[in-house]
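Based on the provided sequences and hints, a complete structural model is requested.
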Amino acid sequence: MASTTPQQISVSLDTRIPLEALVLQRLHRLPKDRQNDWLRQLVLTAFQSECHVIKSEQRQPAFSNSMRKSNTTSYMYSRHSTPIAKLQRAEAVAGPPNCPNRTELPNPFPVNKAHKPFTHLRRVIGE
Amino acid sequence: MTELTDEKTTDQRQASIADDPMQVVQVGLDDGYAYTKVALPDGRLVSVPSRARMGAAGVTWIRDVEQRIFEYETAGTVYSVGAVDGEPTQFDEYPGSALNRVIVQHALQEAGLSGRSLHLVTGLPVAAFYRGDGQQRRQAIQTKRDGLKLTVEPVVAKKSSTRQALKASIAFHEVIPEALAAWYDFVIVTLDDGVTLDADRLNAPIAIVDIGGRTTDYVVVQDQGVVHGSSGSLNRGMLDLKLRVANLIQERFDLHELGEQIISRAVDTNRLRLHGKDHDVSDMVMNAKRELVERLYAETRRKLGLGVELDRILFVGGGSAALSSDIADWFPNQTIADHAAFANARGMLKYLQFVCDDASKER
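Order-wise, the sequence lines are chains A and V.
The first sequence: position 90 = 89 (numbering that gives the first Met the number 0), numbered continuously.
The second sequence: position 266 = 265 (numbering that gives the first Met the number 0), numbered continuously.
Heads up, some of the hints might be wrong.
As a list, the in silico BS3-like pairs of lysine-lysine whose alpha-carbon atoms are at most 30 angstroms apart [said to hold, decoys possible]:
#1 A:Lys-31 / V:Lys-302
#2 A:Lys-115 / V:Lys-302
#3 V:Lys-288 / V:Lys-302
#4 V:Lys-148 / A:Lys-115
Quick partial rundown of chain A residues pointing at chain V, CB under 8 angstroms, derived from the structure [to be verified]:
#5 Val-10
#6 Leu-21
#7 Leu-29
#8 Lys-31
#9 Pro-116
#10 Phe-117
#11 Thr-118
#12 Leu-120
#13 Arg-121
#14 Arg-122
#15 Val-123
#16 Ile-124
#17 Gly-125
#18 Glu-126
Hints listed in this document are in silico derivations from the structure and should not be mistaken for laboratory results.
The C-beta atom is built at its ideal place from N, Cα and C for all residues, glycine as well.
Quick look at the structure:
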């Protein structure tokens, strides 16, 4: 994989599998010109997450796998308002990322059942 | 052409919230002038017509399962809700009225929330929520907030020993602008394992057009703020269509009065049954629809222009679903929301679950 030219991969997603159907649904909601970039980020994020899992299993078995830094444009929280991960907007990705070191992981959010993740959106309504 | 059917949108009508009955339930409730829609955290969406009248039903139901009219008492007055010829809901005070209160209680009962304590978010039309300068109408908001917290007791017939109907109590109630609720639904995306904010949607300039029963609401959101110059409400909606059809029917058939349910059925089916005989009224429905669509189109152009600076124009509300073919080509960048009638209720639920603070103050 030393080539500097872009490589294309082809993946078939099965709409009978809920998570794959969700990926397709999300993809189709995006404007066409952003779809490839979003897919690229999705693949890289997943790969990075896999690297984290491998590293934590090797070095920090007790470290919570649920608190991970990733490159995406979203913020993700659990259904029950317990934060899973704070995810940050990706910068341009020049090539396949290396597995990040343990020290690059962010501090996990404090677990607070009463915390609601998007309270800042109340401002939209105004005073 | 059906804005919403009188039936639930799911077949899990009596499915209970599989929680501890003592646990508070979060509810998004869009108590519109034509239909009252409920969104629940387990994904169920429930809709009932906003149809009630003062007074007892005057019907004895031999079998509980056949019961289609339900009675509720609030402030010493009994109301009948369900399959009745409802009193008009198109008046300014409706959101804080007893009529609204009993219809909301009925919707909560139909959603299987009998006896539960609730945290609730509802809405007001944009023009009822904001003044022209963007300031909130605090008095109207407070009136609505307080109104729904007044007690409504289900009246259970003495003969009916099997039916358990306990009031659903509202412990917390927040009010937000109706079309803006649909924006929250749009930007907060729930997945199987969590919830995300869609950053692309969050930052894009977008207009929400909410075609409802009495009003059509407009909200433009840009940089996470409401653009008040392009937002507001038009006092036109699907109930105007029904009123117009009622007038045309009265004129053609020389009738003095017709029940609200029969008109509703005529609009939905294009057929009117009089003296045991069906009459085709599709031309009247079509004419009334054309008049409404023209009025909505003119106002939409006035508010949004050609929409060139907007990334998207999102149509929501029961009217958007019912008029989908008539509004299909208004803008190149338009979309009709999935289950458009429930977009506000879903957004209200998401606002309650992920945005507003209901933990520290139950008001």
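(message) For a quick check of understanding: which of the numbered hints are violated here, in increasing order?
(response) Of the numbered hints given earlier, those the structure breaks are 2, 5, 8, listed in rising order.
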